[in-house]
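Colleague: For reference, the chains in residue letters:
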Amino acid sequence: MNFRVMMTAKGTILALALALLPAPAGAASLPPAGVAACTGCHPASGGDPALPRLGGRSAADIVAAMAAFRSGKRPATVMDRIAKGFSDDEIAAIAAWYAAQR
Amino acid sequence: MRVQKTRREVIRGAAAAAAVPALWPRAVMAQAAPRIVIVGGGFAGGSCARALRAADQKLAITLVESRSIYTAPPLSNGVLGGIRDLATQQFGYDKIAAAGITVAIATATAVDAQARSVTLSTGDKLTYDRLVLAPGIGLRWDALPGYSEAASAQLPHAWTADGAQIALLRRQIEAMEDGGLVAIVAPVNPARCPPGPYERASMIAHELKAKKPRSKVVVLDAKDSFTMQPLFQKAWQEFYPGILEWKSLSSGGNVAAIDVANKTIETDFDNYRFAVANVIPPQKAGRIAVLAGVADRTGWCPVDPVTFESPQQKNIHVIGDAALAGAMPKSAFAGSVEGKLCAAAIVRLLAGEPPAAPKLVSNCYSLVAPGYAISIAGVYHPVDGQYVEVEGSGGTSPLDAPPAFRAEEAKFADAWFRTTTAEIFG
Numbered sequence: 001m002n003f004r005v006m007m008t009a010k011g012t013i014l015a016l017a018l019a020l021l022p023a024p025a026g027a028a029s030l031p032p033a034g035v036a037a038c039t040g041c042h043p044a045s046g047g048d049p050a051l052p053r054l055g056g057r058s059a060a061d062i063v064a065a066m067a068a069f070r071s072g073k074r075p076a077t078v079m080d081r082i083a084k085g086f087s088d089d090e091i092a093a094i095a096a097w098y099a100a101q102r
Numbered sequence: 103m104r105v106q107k108t109r110r111e112v113i114r115g116a117a118a119a120a121a122v123p124a125l126w127p128r129a130v131m132a133q134a135a136p137r138i139v140i141v142g143g144g145f146a147g148g149s150c151a152r153a154l155r156a157a158d159q160k161l162a163i164t165l166v167e168s169r170s171i172y173t174a175p176p177l178s179n180g181v182l183g184g185i186r187d188l189a190t191q192q193f194g195y196d197k198i199a200a201a202g203i204t205v206a207i208a209t210a211t212a213v214d215a216q217a218r219s220v221t222l223s224t225g226d227k228l229t230y231d232r233l234v235l236a237p238g239i240g241l242r243w244d245a246l247p248g249y250s251e252a253a254s255a256q257l258p259h260a261w262t263a264d265g266a267q268i269a270l271l272r273r274q275i276e277a278m279e280d281g282g283l284v285a286i287v288a289p290v291n292p293a294r295c296p297p298g299p300y301e302r303a304s305m306i307a308h309e310l311k312a313k314k315p316r317s318k319v320v321v322l323d324a325k326d327s328f329t330m331q332p333l334f335q336k337a338w339q340e341f342y343p344g345i346l347e348w349k350s351l352s353s354g355g356n357v358a359a360i361d362v363a364n365k366t367i368e369t370d371f372d373n374y375r376f377a378v379a380n381v382i383p384p385q386k387a388g389r390i391a392v393l394a395g396v397a398d399r400t401g402w403c404p405v406d407p408v409t410f411e412s413p414q415q416k417n418i419h420v421i422g423d424a425a426l427a428g429a430m431p432k433s434a435f436a437g438s439v440e441g442k443l444c445a446a447a448i449v450r451l452l453a454g455e456p457p458a459a460p461k462l463v464s465n466c467y468s469l470v471a472p473g474y475a476i477s478i479a480g481v482y483h484p485v486d487g488q489y490v491e492v493e494g495s496g497g498t499s500p501l502d503a504p505p506a507f508r509a510e511e512a513k514f515a516d517a518w519f520r521t522t523t524a525e526i527f528g
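For the protein sequence lines, the chains are A and B, in the order given. Following the numbering used here, the residues of the first sequence are numbered contiguously, the last one being 102. Following the numbering used here, the residues of the second sequence are numbered contiguously, the last one being 528.
Please note that a few of the clues may not be correct.
Computed list of lysine-lysine pairs in DSS-like fashion (alpha-carbon distance at most 27 Å, straight line) [said to hold, decoys possible]:
no. : chain 1 : residue 1 : chain 2 : residue 2
1   : A       : 84        : B       : 365
2   : B       : 318       : B       : 336
3   : B       : 365       : B       : 416
4   : A       : 73        : B       : 513
5   : B       : 416       : B       : 336
Treat the hints as calculated values from the structure; they're not laboratory data.
The following block holds chain A by itself, in its conformation from the complex (with noise of 0.2 Å):
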């Protein structure tokens, strides 16, 4: 394969922009199983306007929203039939994730 060869200038700069950039340690940086499952409609930042965002929010809200969807107190459309497959670790570990997204 010699895609590698092609290099241009306007390429190493690039690559410099993104040599500077902090380096996430391989699987240390991975988000918990369960989040796969969310970022799909929630990305870790930004998002769609219709759906609530949930980088940077508390894990104690996260969590508290999860209970009261799986307990069926919360109102809902989709999330409540979601929430009843993630057990309480699950949903602490993907909150804990949320909360530290900005």
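Dock chain B against the given chain A, drawing on the hints supplied.
Modeller: Relative to chain A, chain B alone:
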């Protein structure tokens, strides 16, 4: 539609990013970056590539995709119903390349599992430490007598990421005279997007009701039941009475022969003379899965539910519609989650750590009418090597939900689509 870069431009952008390791300190460079090749740039493969990139800047990631423009199937039935533009379904790979993933617009033609290499239609050979196959479905062209790949130029399937097929079906519906019949041939399970044929029938009925009110839609089904059936049928009664008819397997839906020239479909009981026919054939895993030796006798690919590695070939993972993941439906939502989970498993395997127990969600919205959607959600986890639904979770939207609930789900369908496609292609 956005301007698509040529293959050379896409590769050049990717090459710039792939040059990153050259600038790393000597200690890091001492060990070559692990090479991951992903075949298939849809929801599963695209999500996997982006998740790998986010988890580890050092990996050398190559995404192989045969089309330079991806036409996303979810919500594409809205195009057939005249309520969405095809352009909103279409995405290029320039941002993926700019994120530091090498994009090769080419078809993977062979896999050598022993040598750990993938051969491309361009003649390039890519070697890998881990290969991820996300080829989506292949169509069983020989399953319906009279139908073939050549026939799909007249009777579109419109069931893959090929935008031309969706555009063709849309043009045929637009050109049809009032009073005609649109026949939809629905496949046996397992198949991509189980509610898809019924959403499609709904969207076409919406178009006909508004513009060609003497026309009809008939679904000729190889099954006796389908997902969210009570919800669909209730909505059909409300929106499309006398326009949309569903013929189950046992009520004569089974297709015996398709006569392309005479525009006739013969079922076990009747002949249907159609103006437009949308033939969705039975399916199997995409071709490269067979070539790589990861498909089994069913035509689909068994996988380890934690790592998505094939039990048939070491170092090859299968995600998305091609994978047989127990009770998991073949949805774009699930494919995207599988892509992320597979990425995490690969990162852990490369680090010599045990992969984490995954949890998978599938949440599929179906648009029955504008501002009216229904959904089926499921949460899955591995039990004894197979994905099963977590007890007490998931299910469909309520049968008796008020219009505001359906409107909210239609809004969520759109929002999920925008969010996930931005995550992958943005």
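Colleague: The structure should be examined with respect to each hint, and the outcome stated for every one.
Modeller: Going down the list of hints, with the structure as the test:
| no. | hint | in the structure |
| --- | --- | --- |
| 1 | A:84 x B:365 | violated, 49 Å |
| 2 | B:318 x B:336 | holds, 18 Å |
| 3 | B:365 x B:416 | violated, 48 Å |
| 4 | A:73 x B:513 | holds, 23 Å |
| 5 | B:416 x B:336 | violated, 48 Å |
Violated hints for the displayed structure, listed by number in ascending order: 1, 3, 5.
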